[in-house]
Each structure stands twice: as structure tokens, then as C-alpha cells.
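Peer 1: One letter stands for each residue in the lines below.
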Amino acid sequence: MRTARRWVGLLLTLALALTVAACTRPMDPEVGDARVLNIGDTLEPEGLDMITVSGAGTAYVLLYNVYETLLKLDSEGETKPLLAQGWTRSDDLLTYTFTLDPKAKFASGAPVSADAVVASFERARSEKATNQIRSAWAPVDTITATDAKTVVVTLSRPSHQWLYELTGPAGIITDPAYTGDFSKESAGSGPYQFSSWDQGNLVQLKANGAYWGTPARFDEVNFRYYADANAMNAALLSGQLDLITNLTLPQTITQFADTSRFSVHEGVTNGEVVLGFNHENEALSKLEVRQAINHAIDRKALVKATWAGKGELIGSMVPPTDPWFEDLSNTYPFDQAKAKQLLKDAGYEDGLTLRLRVPALAYGPSIGRFLVAQLAEVGITLELDTLQFADWLDFVYTKRDYDMTIVAHVEPRDLRAFALDDYYWNYHNAEFQRLMAEGDVGTDEEQIAKLKQAARLLADDAAADWLFLLPNITVASAKISGVQNNRVSLAFDLTTLASRD
Amino acid sequence: MAVLGRIGARAAWLAASLLVASLLIFAATNALPGDIAQILLGTNAAPGEAAALREQLGLNRPFLERYLEWVGGALRFDFGTSFLGSRAAVAPLVAARLEVTVSLVVLGMLFAVLFALPVGAYAAVRRRHLDGAVASALSQVGLAIPAFWAGIWLVIVFAIRMRWLPAGGYVSFWDSPGEWAQHLVLPVASLALVQASVISRYVRSAVIDVTHEDYFRTARAVGWSRSGALWRHGLRNVGISLLTVIGLQLATLLVGAIIIEQVFALNGLGSTLLQAVAKRDLNVVQAIVLLLVWSVLLINFLVDVAYQLVDPRVRRRAEAA
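Order-wise, the sequence lines are chains A and B. If you want the working numbering, it's the 1-based position in the first sequence plus 18. If you want the working numbering, it's the 1-based position in the second sequence plus 17.
Do not rely on the hints blindly, as some may be mistaken.
Chain A stretches covered by chain B per the calculated footprint, using a threshold of three residues with CB under 8 Å from any CB of chain B [what the hints assert, rightly or not]:
1) 136 to 148
2) 181 to 195
3) 305 to 316
4) 326 to 332
5) 397 to 411
6) 497 to 508
To list a few chain A residues with every Cβ distance to chain B over 12 Å, as calculated [unchecked claim]:
7) S72
8) G75
9) T76
10) R107
11) T115
12) S201
13) K202
14) Y229
15) D237
16) A245
17) D246
18) P351
19) Y366
Note that these hints are calculated values from the structure, not bench results. Quick caveat: nothing in here was measured; it's all calculated off a predicted structure. Idealized CB from N, CA, C, for every residue including glycine.
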């Protein structure tokens, strides 16, 4: 019987130890007086150097927070000065003169000089940069520092797009005195500095104590990454997180209905969810077929069924925050009879079978299943195939072995993707390319007029089916203020955020 | 001498298996469609850009050259660096993830056994009474509950409603043993609850078998009480079959841990492997798979050697053959 008592004793001790451990948990994640902001996200950065690494995760954490640009985008999509106090443009639209803010300095203490800007820009258009960054710099001819605080850039042809790209990764200014590895450390002029990275888990920023502008409102900012969106929601509900930057399961929004604890912010993004057509497919090369598919999909019902009714209908590749936005969502109203007629006109009255290959991302499979059911009603059979994103990149994006696919294109101003000569949609439209080129070199008014025309042309040509615009749903603890509704730049701008305690 | 020779033969066999396993792993991961260059460039890649990046990352070199370099590094526990994120060295990354998974699996099994032993024995001894039947029925219900479902409910009740425990995440034991324990309570509980149900079923039937044995009847006949006889003679015999079951269940527990790691946002081997496969971060994938395969081979080898040294029957049989 002694053994028995020992067992019982052991069990009781363990139970007690666990209870004590459980009850002594400090409820407040903040230690001492440090102001810590814990942010939940699903897209971990691909690297730390925005010039050599593509992908939205990196800019999301670093842009405007760690690395600054001469100009920045505010939450309405307006261009505002940041490191540059102001800029002028010559009448021929070919010469830009930037005057730097004399207060601006890097985290190292060195001033943000004209030479630093020239060196950063030269790096961005060098061989080291990704193709995307280099192509942003393609219109530029010379970059010169005319004095310590003035930079003059001359272009070989006018380009609105180039000035816009200066607000993003292509325009970041790095400390020229830093000689280390940009993929391991940061050397910027922003209110925060890169601190540490626990891969797969956490990217940590710390305040730049010597920041030249309004000081950082947090000592430490943790971007925590979750593979499972429900686990992320649970972390915010239990108080481990202060903010979720984007709810990837919009159906779960009701969990945060308690306004005394949470605030929910809904706005727009640049993310057009595109049902892309492979224009090399024989059926899809016919305008009637593409229009029939557009008529056959009830996009309002689709958003309701798959994205909790959040998400605007747009009808072309332009988000509402771009100056050339027009509501084109009624170009192809839901009309199954018309869809069937168009299919008949194209010679497919006996039906049509297409392969829909979607990536296994939050939106892919659910929208795919919805489309299978809906297109069956007009006689189009979809063979749905869900691919891991890596496989999708290989089979669909690179090898173009697909008929239709669904991807959210989250890059800003990606209307021009339809003008690319060799892109995975295999779409070629000389008229559209001409309008885009003319818009870029024209005056401000011409740009807006031409791009409106271009967006309309895409819709009329049914170059794709723009299902909806991804909403930006930010959920924050009630003590966090300054949350921006929209997400129009690639950055998650920390500078507007503050904590009430 | 004969024993040493046989162990030598075993060791040679082990070395060959390790080599073949590494070759298979390397070949299989390299045959996956899609690659890291495409992942890094995403949907902005220009045609041909991925090929250039692949060249730059050294992925275009001949298969054999890359394999030899990799396996040579692996022998020195150098698995290269991740292609993603912070470009972290793989060996320390995997070691840190291993701590999470080992904590989870070992504690999960420990608590499962601690719980299953008394419950199973009770259900066996009292099987003709209502309370014994209830205990048995409850374990049947527990069997039907998936661990991740239990995990989600534990989070809702103890992390979100009561706010007693963290909903997820992990703190290393070496950083703070208290935090470590708090973060593990819920995931370990969800694994242990389900495992305990499985094991208690085995304990129950093993105990029932024991009570039918001759030696048990004899013990009762010489005056031991039923529970006394069970403690004195029964448990040891139950222990043997229990150990076999625990061994088998450990594999199930590892698989269960992968899902539990997702539910509780724990960065263990399982979730790291899943993410690395999804992003084609091959150095990480290969290191984790190699670690798992080599451990199994090594354990089998050690067990073999132990049999050779310890069990005279195995030795004699081998000599006769």
C-alpha cells in the first residue's frame, strides 16, 4: 500500500504545480514601463532587403516604419512629403527637383544627405535589384546631387508611374555609411529599427531613439505570424495581441462585436480578386465566351457566400482609391439567359469544359466551389483543382498550364499588369497598351482620362472577371487609437497608432 | 567475438541505411514541383528571372554535387541556411523547434499515462458496477474526440472566457520555466485527454486479463485483497503490455502534435515542416525529415544491439543459426 500512497502523492503534487503555474500568469503582456505593441499577421516577410527581395510581407513591416521614402502615400492614396520637404517638376515633365528636410537623419545619426539619396537610388536601379524595382526606374536618365540637400532626377520620358513608385520599396533611402548585410540588419531613417527575427514566429522592431520626426509611440513592436487564422483570433480575444492587421476569415468578425473591448475598422485595399482567363485557350480567346462567364456569375451572391458580404464590386482592375476609378461593376449584370445566348453564339451550345486551377489560399477553394456550381447552370463544366501556392506558381504562373484561375492581385496600380507582353494571362491588346503608355507620359489630366479609358476597355473586352475587391478589416483592442481604415500602400504604417494606457 | 562481429555487421547495415535514406530524402524534396526562386519572386517575376535567381542561389548545379555537399554538411550538423526570411542557419532553428515538439509529446504522454492508469484500473475492477461502467463509457467518448477539437474548446473556455491561460505561443523552458508551463497546459491537456482515453482502454482490458490469471487467483486464495493483489502482482504484468502500447501511440502523438501546434500557434517541428514544404524551403525540409528518419534508424539499431548484449535467447539463437 505504500506504493499506492506514493502514486497519489505524486499525482497531487503535479496537479498542484500546474494550478499554481496557471494562476500566477501575469495578465498584462507588458513588462515594466515598456510600451509594447503586439500585431498579429499571416504573411511573414520574405527578407529584410526590399531592393533584392520581392513580396508584400517585407514592405508591410519595414516601409515608412524602418525605411523612409522621399514621398509617402497617406491612407486616402494622396502623395505627401516625407524625407523631401517638397519637389518641383519642369514643364516638359522631365526634370524633378527634390528638396530634403534638413532635420532628417538616419538611425546612425548621419544626416539624410543628397548623396545618400543618390546612392540609394543608384542601388535601386542596379543589377542587384529585382526586375520589378529596376523596371520602376527604367524611365530615369540621371540622378544628381546639386547641393547637400537637393537632388535632381532627369527622365528620358515623362512618367507618372515612376513618381508613384518613389513612395514604395523602389524609393527607400538607406544609410550609405552602412556596409553590412541589408538582409540581416536595418539601416534606415524611420521611427523604428529592426531588432530581431524568430523565423516562422516573430519579427521585432524597436524604437529609433534618435528619430528626427515625431518620436515612436511604442518602445517595441512585435509582428507575430500565425499559420492558422483561428489561432490568431484567439490570441486577440485572450489579450495576447493588440491588433490584427487583416482578418483573413471575415466570417469571424462577429467574435469581436464587444465594442468595449475591440474596435473593428473596415476599408478598402488594392487587392482585386481576379478570375483570370488564359487567353491562349481556344474557347476563352473568344469575346462571347468571356462575356458569357461575366454574365453567368452573381458576384454579389459570391461575396456574400465566400467573404461574409465584405468587399466592393469593381468591374475592372482599378480600386476606388485610384484617381481614375469608375464603378464598372454593372458592365455585365447577372443574366443567365444572356450568358447561354452568348455561349450559343460562340458555338458552345452543347456545353464547355474548362480547368479552374486555384491556389490553396484563404479565398481560392471557396470561390472555386461557388463558381463550379454557378457556371454549371449555364452549361460550363469547371474541373476544379486546388494547388499549393508553390505548385500554383509553377504550373499556372510559370508554365501557364491552366484555363482559368483565381488570384488576388494586391500590388498598387496593377492595372498595367494587363499591358505586360508576357504575363500569365497571355493577354495581348495593343490598344490597351497604347492607352497605358500615353497615360504615363501625358499631363496629370491626360493620365486620368487615358487610364479611365483603359480600365473601361478591359471591362468591355472582358479580359478577366473582377470578382470583388478584398476588404481591409483591421481589428484592434479598444485601447489602440489611430487605426487606418484603408490599405492603399504596401506599408502597415505604425506612425498613426497609439495606445491609450 | 561473435557478438562484436554481429554488431559490426549491424553497424555497417546502419551506415548503409542512413546513406540510402539521405539520398532518397534529397531526391524526393528536389523532385517537388515549384521552387524557392518562384516563391521569392511571387507574381511579379519577369520571365527568366526565376532561372537567374536559381543560378544565384546555387540550385542549378548538378544534382550529385549538391547532394554530396549537403550530406557532407549534415555529418557535421551543418544543414546550411534557410532561403527565406531571416536566412537563419537551419541547425539551431531545428533544435529550437525540437524543444517545442519534445516538450509537447513527452508531457502529453506522461499525463496521459498518469491519468489512464488509475482510470483504466478502476474501470476494470469496478466493471460490474455503475461507476466502473461510467468510467469506461467516458473513455469511449474521449476516444471519439479529435485532439484539435478539444484544443479549440480548451482555448475558448480557459483562454478566451476565463483568461486564465495564454491562447497560444511558446516560451522556452530555459527562458522562463513558469511561462513555459503556462503555455503548455492547454496543448498538453488536449493531447493528453485523448491519449488517456486510448490508453485507459488498453489498461482496462489488460487489468481484466490479469485478474483471470492463475497467479492472481492464487494471490487472492492466500489472502490478498483484490486491490492489494493488483498492486503487488497485477500492475507489473500490465506494465509490459502498456509499454508496447505507449511505444505505438508515440507515433500517433507526434502526428497529433502537428495539428495541435497549429491550433496553439506553437512553432514546433510539425508546423515548421508544413510551412517549409509549402514555401519549398528545402534546406529546412530536408533537415527535419532527415532528423526524423535517422532517429528511427538509430533507435532500431540501438535496440538491436541491446538485444544482442542482453537477451541470451537472441544470442543463442544466432549462434545456432
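Peer 1: Hints first: check each against the structure and report whether it holds.
Peer 2: Status of the hints after comparison with the structure:
1. 136 to 148: violated (count 1)
2. 181 to 195: violated (count 0)
3. 305 to 316: As far as the region 305 to 316 of chain A goes, the hint is violated, because 0 residues have Cβ atoms under 8 Å from chain B.
4. 326 to 332: violated (count 0)
5. 397 to 411: holds (count 6)
6. 497 to 508: violated (count 0)
7. S72: violated (5 Å)
8. G75: violated (9 Å)
9. T76: violated (9 Å)
10. R107: holds (27 Å)
11. T115: holds (30 Å)
12. S201: Check fails; 6 Å does not lie beyond 12 Å.
13. K202: violated (7 Å)
14. Y229: The assertion about A:Y229 holds, with a minimum of 24 Å to chain B.
15. D237: holds (20 Å)
16. A245: Answer for A:A245: violated, closest chain B Cβ roughly 6 Å.
17. D246: For A:D246, whose nearest Cβ neighbour in chain B is about 5 Å away, the distance does not exceed 12 Å, so it is violated.
18. P351: holds (30 Å)
19. Y366: holds (30 Å)
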